[in-house]
Amino acid sequence: MAPRYAPSLRSRLAPLLLIMQMGFIVVYCFYTEVKSDEKVDGSNFSGFYPYFQDVNVVVFLGFGFLYTFFVRYGFSGSGFNFLVAAMATQLAVILNGIESWYYRGKIMINLKSIVVAEMCTVSALVSIGAVLGKTNPVQLILIAMLGVSGFVLNKWLLQTLLKVQPLNSIMQLHIFGALFGLVLTWMLYRKGSVQGFEKEKPDRKTGLFSMLGTLFLWILWPSFNSALVEDDIPGRRLQAVYSSYLALAVGAVTTAAVSVLLSPKGKLNLIHMQSCILAGGVAVGVSILSVRQPCEAMTIGFIAAVVSTTAFGYLKIHMLLAFQCHDTLAVLCTHGLPSLLGWLAHLLLRLKDCDDQTMAIRFAVFHICTLLFTIMLSLSVGIITGLLLQLKFWRPPQDHKCFDDQAFWEFPHLAVHK
Amino acid sequence: MAPRYAPSLRSRLAPLLLIMQMGFIVVYCFYTEVKSDEKVDGSNFSGFYPYFQDVNVVVFLGFGFLYTFFVRYGFSGSGFNFLVAAMATQLAVILNGIESWYYRGKIMINLKSIVVAEMCTVSALVSIGAVLGKTNPVQLILIAMLGVSGFVLNKWLLQTLLKVQPLNSIMQLHIFGALFGLVLTWMLYRKGSVQGFEKEKPDRKTGLFSMLGTLFLWILWPSFNSALVEDDIPGRRLQAVYSSYLALAVGAVTTAAVSVLLSPKGKLNLIHMQSCILAGGVAVGVSILSVRQPCEAMTIGFIAAVVSTTAFGYLKIHMLLAFQCHDTLAVLCTHGLPSLLGWLAHLLLRLKDCDDQTMAIRFAVFHICTLLFTIMLSLSVGIITGLLLQLKFWRPPQDHKCFDDQAFWEFPHLAVHK
Amino acid sequence: MAPRYAPSLRSRLAPLLLIMQMGFIVVYCFYTEVKSDEKVDGSNFSGFYPYFQDVNVVVFLGFGFLYTFFVRYGFSGSGFNFLVAAMATQLAVILNGIESWYYRGKIMINLKSIVVAEMCTVSALVSIGAVLGKTNPVQLILIAMLGVSGFVLNKWLLQTLLKVQPLNSIMQLHIFGALFGLVLTWMLYRKGSVQGFEKEKPDRKTGLFSMLGTLFLWILWPSFNSALVEDDIPGRRLQAVYSSYLALAVGAVTTAAVSVLLSPKGKLNLIHMQSCILAGGVAVGVSILSVRQPCEAMTIGFIAAVVSTTAFGYLKIHMLLAFQCHDTLAVLCTHGLPSLLGWLAHLLLRLKDCDDQTMAIRFAVFHICTLLFTIMLSLSVGIITGLLLQLKFWRPPQDHKCFDDQAFWEFPHLAVHK
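In order, the protein sequences belong to chains A, B and C. Using the numbering used here, the letters of the first sequence map in sequence onto residues 25 to 442. Using the numbering used here, the letters of the second sequence map in sequence onto residues 25 to 442. Using the numbering used here, the letters of the third sequence map in sequence onto residues 25 to 442.
Chain A on its own, in the form it takes in the complex (with noise of 0.2 Å):
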């Protein structure tokens, strides 16, 4: 008979954190060195203080109380993404520095570096959304721990092989976290997800407390999409920021009419209003290079709203009927397909700008072979941490388990709702 209790993590997960904190302060001791003189982008230290927050903000909260979603998996939610973020930043720091140390013998570090790093820990944050409640913390942090240096790779192939400009090359980070997560689930797929998991599902607080993890995302995406756009150009980050935002408020609008539309008893529903309100973000987000006008931001985040929230409603449930993918939170959705649609509009839109039919067909091939680079990396990525999280070393909860706070934080004295 299989045990009541959730397997004990105490002699994984305490020498895994501590094995890799203490080699991550070695290899800082030795090998970074601080930016003193720093002008960033061109703006100086507090001027771009202000986007480090706000990133900081996206990571840490947004992401956290976004995944509080589940009645009973509010602890682990926050606490886990937060855990997971603090190492996967600590370690995209390091490889992104490699270059760097390489040539120079020394990692930068700077409050860009560190926003760089946030980002690519991003790609891993939302690879999580796709097996959040199934997994324990010990998994989530190889995930994060592969996802990030798989993300890494990719961003430095792409930049060197293919000559991908650095912030075209990191915004790819939805595509590739939407599929490596995608993997992932359906490599570790459980029989308990047929049905749903007994505790998958939220209550009125956990809504609230999701609501405001997505607030905090959608208020400050403008920021995180902007952070990272070059100055050299006037009213280039401006440009980053109204696209960002214009698209939003769109994506908002359009997610309640779809959402009001798609249910027959013509009310809303939470989760889109909590997840696809964002797919105008991440949709100009990878396509922020080239949206220059209010209205292509406007039509893209129409499009991505219309999009995200009619593959929420049917796309979800059919990829776990037939692909045996149980995606917890629908990142395909609400970021794998809105990033495609953000690397189609920038496509179209630098098409649209080319005169010459040379040129065009020549870009068109490069960014083919950019999103089929990225897609091919993510996809292997995933399956070779999916063989890895396979192992029973890792003690995965049981199903009865998933979703469950219970499973790895301590009540001693939790109060009862009498």
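The reader is advised that the hints may include incorrect statements.
In this list, chains with the same sequence are indistinguishable; a pair is considered to hold if it fits within one copy or across any two.
[Unchecked claim] Pairs of lysine to any residue, SDA-like flavour, derived with a Cα cap of 25 Å: (1) K136 - L252; (2) K59 - D377; (3) K59 - L252; (4) K289 - V162; (5) K225 - K425; (6) K340 - F435; (7) K130 - K376; (8) K289 - K416; (9) K416 - S287.
Please keep in mind that the hints were generated in silico from the structure rather than gathered at the bench.
We have chain A already, so just place chains B and C on it with the hints.
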């Protein structure tokens, strides 16, 4: 027998949202232009960006979570506020730009124009506080659309006819919003409100969510008041910041004191602490261009808090019984009276500075006209909107579905507390 | 027989608040001046404003929501923190300005003076963590007033007598606050605390509210530590930011590891994740002027988290049983010990840089004197405050009303969960 289920909004809400959103996209496509090389008020883009984000937090998160107060109305409170704000801001950008479109053929978009639009949106969000819980989202959107249009008209007329300074005319938003909301709730009077609606109460957790919204409003109110202060005279914006800050701090302490005094058992009242602590900020906001000394700001904050809390204790129930005016979140006490007080403070402070008696009288007459004009217009627009909303066509919720998310949100998997 | 109802605070709280608030207004009227053309630390107004807002969020929202931890004490936790902070900041601005008033006749107000005042307030908020739940708001206000006065006195004496740098003297706030709070809770010992109070526990939702406060503190701690760092040496503030950031990130990971190790079942403890993850930030804050390398910051963060979490696991209960010191939120473990560690790190890092042995010894003696002085003063002020608070005149809540909002807040319409 009346239908048990809430009427479906599918055929009302979805077309309304889609048609308006598509209309906005078309207008933005053909008639807007982004001012790229902007200098926002003498400071640069990166200096203004934090204000932009602060105002965003006030509008989308602060008001949204303040409106999660009621025990079964949290999704609606935050969700509808969000939806309405996203639409009203898009509309307000267009309406504010009509003059520029008339002369130059294009509506200018920059960070400042979005912030101005969000302030116009706040006038509608204030009025929604008066009708919250008793209306459906279709009605809320109509209120917001007509409210914002009326407010922009008022602002434009004040600036054009009476030569009121732009910032002063924007700050009328509290007066306009409160009166507009009061007229609406008076015209939409329901029998069910005599004893208070069954679900018109908070619980421990929604009280805390609401506290969160309040704290965001309180902390970011100085940004809200100072965002549009022209920085041509150095220190002007600083003055606005500390005036608001001090008035808010004094208001917080005074509200607590008056709340304890009003209670027979000597207890604090949570809703006083959530609404009336902002009264000082509202009053100083209306008189922001005249308040110069800490002393003045603190006195205004003190009086505003006393008036607001006392009115909340006595006036709210009288408004309902005597005038059949069920002011859900007491916008009369929290925005109406404090803003009238701010208007008075503005007058007195200007008169104090006038040496010449003729000038003083002229200013007083002009200032009284401004107020009367705003009152008249808000009442007129309110009556028109109220007549429109009384139509059964909009399918308002039944009395027993008031203050209940169930009427508007799908709860397919909502967890039951056992 | 003891009264069943909590004693009314009407005749205590309201006069106290009103008299103090009016006193503040009078002082501000006659003795303050706004420095209009300020240059805050070499950077300008708009560069400093985001720091100002970040510190506001830390003080009013971060601590406030951290204190919503207990199941029936959420309104009090956030509400009293807010009330106390609003009063203490007003007082601290006055007290910090006494010297300026003595020489120039006016107390200067600008953004920086408010930020300094809020940091003094934090010393009082830390001490409140030790007595939370067992005191009434009148007592909390007295604690805050006397605590802030004591801390400002300590700061001034350190700066004047020992020539400690201003920032270093301010950062003693953690040591001062923790010890002051410990003395108070020891002097206010209650029999009811032996078994833990009936309601001294979180539930799932208050745990999440508290997590929200923690995340805000964690994210904005770098702003808190760096806000007052003089920017005369370029990159100095950047150094403070990334040192705090890295220490916090390392602290978060380490806390999780130690928390799992301490648990027999290998589970995480929520309250560790909420308190001890900040230990790294506290320790680096105290030694902010000496920490230069990422390596140093990370090591401090690592040790602080290990010490803090271990102490939380073992020391807290011993403090209660052996010394009758019921430290509600374990401020000894979360602020006391990490700040002592920071003090030690400051000493060691300075000694490491000293070439001359005489200089080294002189600095060590000076640094030890600083600590002893702070400890002595915090204990003295704590004993005086404790004696004052023991008076029955203040009507402390009965044991069975501890950790209960019902004693202080009106619940006229509070919804009952059926």
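Each hint tested on the structure:
When the C-alpha separation of K136 and L252 is checked against a cutoff of 25 Å, the pair qualifies both within a copy, at 8 Å, and between copies, at 22 Å. Proximity of K59 to D377 under the C-alpha cut-off of 25 Å is restricted to the inter-copy arrangement: shortest distance 21 Å between copies versus 39 Å within a copy. Within a single copy, K59 and L252 get their C-alpha atoms as close as 18 Å, and across copies as close as 21 Å, so both meet the 25 Å cut-off. In this assembly of identical chains, K289 and V162 lie within 25 Å of each other by CA distance solely across copies; the values are 15 Å between and 42 Å within a copy.
When the C-alpha separation of K225 and K425 is checked against a cutoff of 25 Å, the pair qualifies both within a copy, at 14 Å, and between copies, at 23 Å. Proximity of K340 to F435 under the C-alpha cut-off of 25 Å is restricted to the inter-copy arrangement: shortest distance 17 Å between copies versus 34 Å within a copy. Taking the shortest Cα distances, K130 and K376 sit within 25 Å of each other only across copies (23 Å), while inside one copy they are farther apart (43 Å). Taking identical chains as interchangeable, the C-alpha atoms of K289 and K416 lie at most 25 Å apart only when they sit on different chains, with a minimum of 19 Å there against 45 Å within one chain.
With identical chains, the CA atoms of K416 and S287 are at most 25 Å apart between copies only, with a shortest distance of 22 Å across copies and 41 Å within one.
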